[in-house]
Amino acid sequence: MNASHDYQRVYVWQQPVRWFHWINALAIITLGVTGWVITHPPALMNSGEAWTSFWFGKVRFVHFTSGYVLLANFLVRIYWSFAGNKYASWRNFLPLTKAQLREVWQVLKVDIMQSSDKAVHALGHNAVAYFTYAATGLLTVFQVVTGFALMAPTSQSWLPRLFTWVTPLFGSEGAVRTYHYAGMWLFVIFTFIHVYLVFYHDYVEGHGVMSSIIGGWKFMEKHKIAAQEATGISGLPTKSRQTGSRPKV
Amino acid sequence: MSLELETLPKEQTIYDQVIARGVSRREFLGFCAWIGACIGVQGAGVDQVVKALETKKRIPVIWLHFQECTCCSESFLRSSHPIVADILLDKISLDYTETLMAASGHQAEQALQDTMAKYKGEYLLCIEGSVPLAEDGVYCCIGGKTAKGIAEEVAEHAKAIIAWGNCACSGCVQAAKPNPTQAMPIKKVIAGKPIINVQGCPPIAEVMAGVLVHLLAFDAIPELDNLGRPKAFYSRRVHDTCYRRPNFDAGLFVESFDDENARKGYCLYKVGCKGPTTYNSCGTIRWNGGVSFPIQSGHPCIGCSEENFWDKGPFYERLPNFPGFGVEATADTLGQVALGAAAVGVAAHAVMTNFRKRNEIGEQTGENAEKAETADAAATDDHSI
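First to last, the protein sequences are chains B and H.
For the first sequence, the working numbering begins at 1 and goes up steadily by one.
For the second sequence, the working numbering begins at 1001 and goes up steadily by one.
What the hints contain is simulated information worked out from the structure, not anything from laboratory work.
All C-beta atoms in this analysis are idealised placements derived from N, C-alpha and C, irrespective of residue type, glycine included.
A short list of chain B residues far from chain H (calculated; beta carbon distances all over 12 Å):
1) Pro16
2) Thr65
3) Val104
4) Ala226
The calculated lysine-lysine pairs, modelled on DSBU-like cross-linking and capped at a C-alpha distance of 35 Å, are:
5) Lys98(B) <-> Lys1357(H)
6) Lys58(B) <-> Lys1231(H)
7) Lys1231(H) <-> Lys1051(H)
8) Lys222(B) <-> Lys1357(H)
Given these sequences and hints, build the entire structure.
Here it is in structure tokens:
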């Protein structure tokens, strides 16, 4: 094995991607916490009168507002998957090519079963990670659609009212609410595993994956970069303007 | 009933019959204004209601009872306004209804056939109860015919169909799991006819009367929501019209039925109130002539005007059981189990990772003192970090 430590700094996550990540994280945490409180309000045994307080209404307001933020942010990210660099491209998210499927298998062998030493060193995400984010995106869509469907009957705004067709599919609003709440649990589990795997990759690879979502750069040995580029993944048909070392946006 | 109709002048209007029964014009106008308010028409609309009841011929009604408890009829009979019970139900409108008609046996079946033949395409079909489909529908037979057969036969030439109550709208308790008779709502049995779903277990009497008067006065199906319920009565949640709503927004909740908060009349959300997902008029029209409604009596709404409300329980808990995971699993139980499994997996994975990393450390220059010496000697051009 070539033990060369001739590192190259590669600008992987452009600014819109990093903004998306942190706004998304903030929105999901806010939605999760407020959603939890809405479902399980704390027991406040006080002797107050209703007119003195509106805190539960405010929690709901924050929840609804964060929902709009989540959606807007998500739409920007979809735009960026067409406009951004090759690591942000929509092409990566579904493992449809043979090379991607091979990488999926290899990642499962290395990261999950730990039965192989041939680690996958992806500059963007690896093929499994990309696919996981596609599934998370689908979950986001589900939460947005059911969330706005729940909001529609009491809203005068056009956006929630686009989703009035959803409730009849579930039969009743109570059912929509149950699934919307269950969706939160999927985000909780995703977040837990996601954070663990970031630690894991940083811990075993030393490519600066943790700091890459702050600064955008990853650091990788040149021979690993060359090997990765040879697979064609994370950069499927490369356009000349979409190179990894593109100047900072 | 059919005998009585014979003795009356043909095609009387409702107004004629009301007056014949000793109701004053003043009382009649009062009724029109009241029911007009119930169905949500403007002042000018009340005028239309008066005209319709004065001039239009009565609507012939066939009222069928299938898998049900007759609580819809009972509710209707208990309307606070005498004109509803006496005129709309008892004397005027019904040409065939199993529970109330005087005729029985062959006479009753003849009345049904006669009405269908005489008012072909004109009569209104009201259905109370669900239709069982299991075992070719033997679980509900009347006069030797299955409910499905009767419903299809009568619906064929009906002008419109009103599905009374949760049974006819979504199957109610007999369609709850495991639904042994395969009880089906009317909308799943009959296609191609306008169906008005008047939800509730039972629906509020004024709502039922309001729907009938709307059909009579405007000769049109009232505006329906996307679940087929008249918007005039089912466009707002019980939650939105609940007088305890300010307590919800202030986060003041009843924790148990005998606590101080219950005595103060705080919101019943945490003891299972389904008001936030239930569309009905309980908060505005209320029950028994506006005397009260469940929440006013200190009991959470059980959501009886929503589909599958029996399976959305428990009634007294906030979070419903999650469908498909047995009786006692809520979304929280499932989530916690999944998260626990993930935590165990992650812990095992982390342990394994450390074994792997121990092997890897030392392969690289500068990371392990002993190996570094030999590596440095071998590869002098390495750029160590």
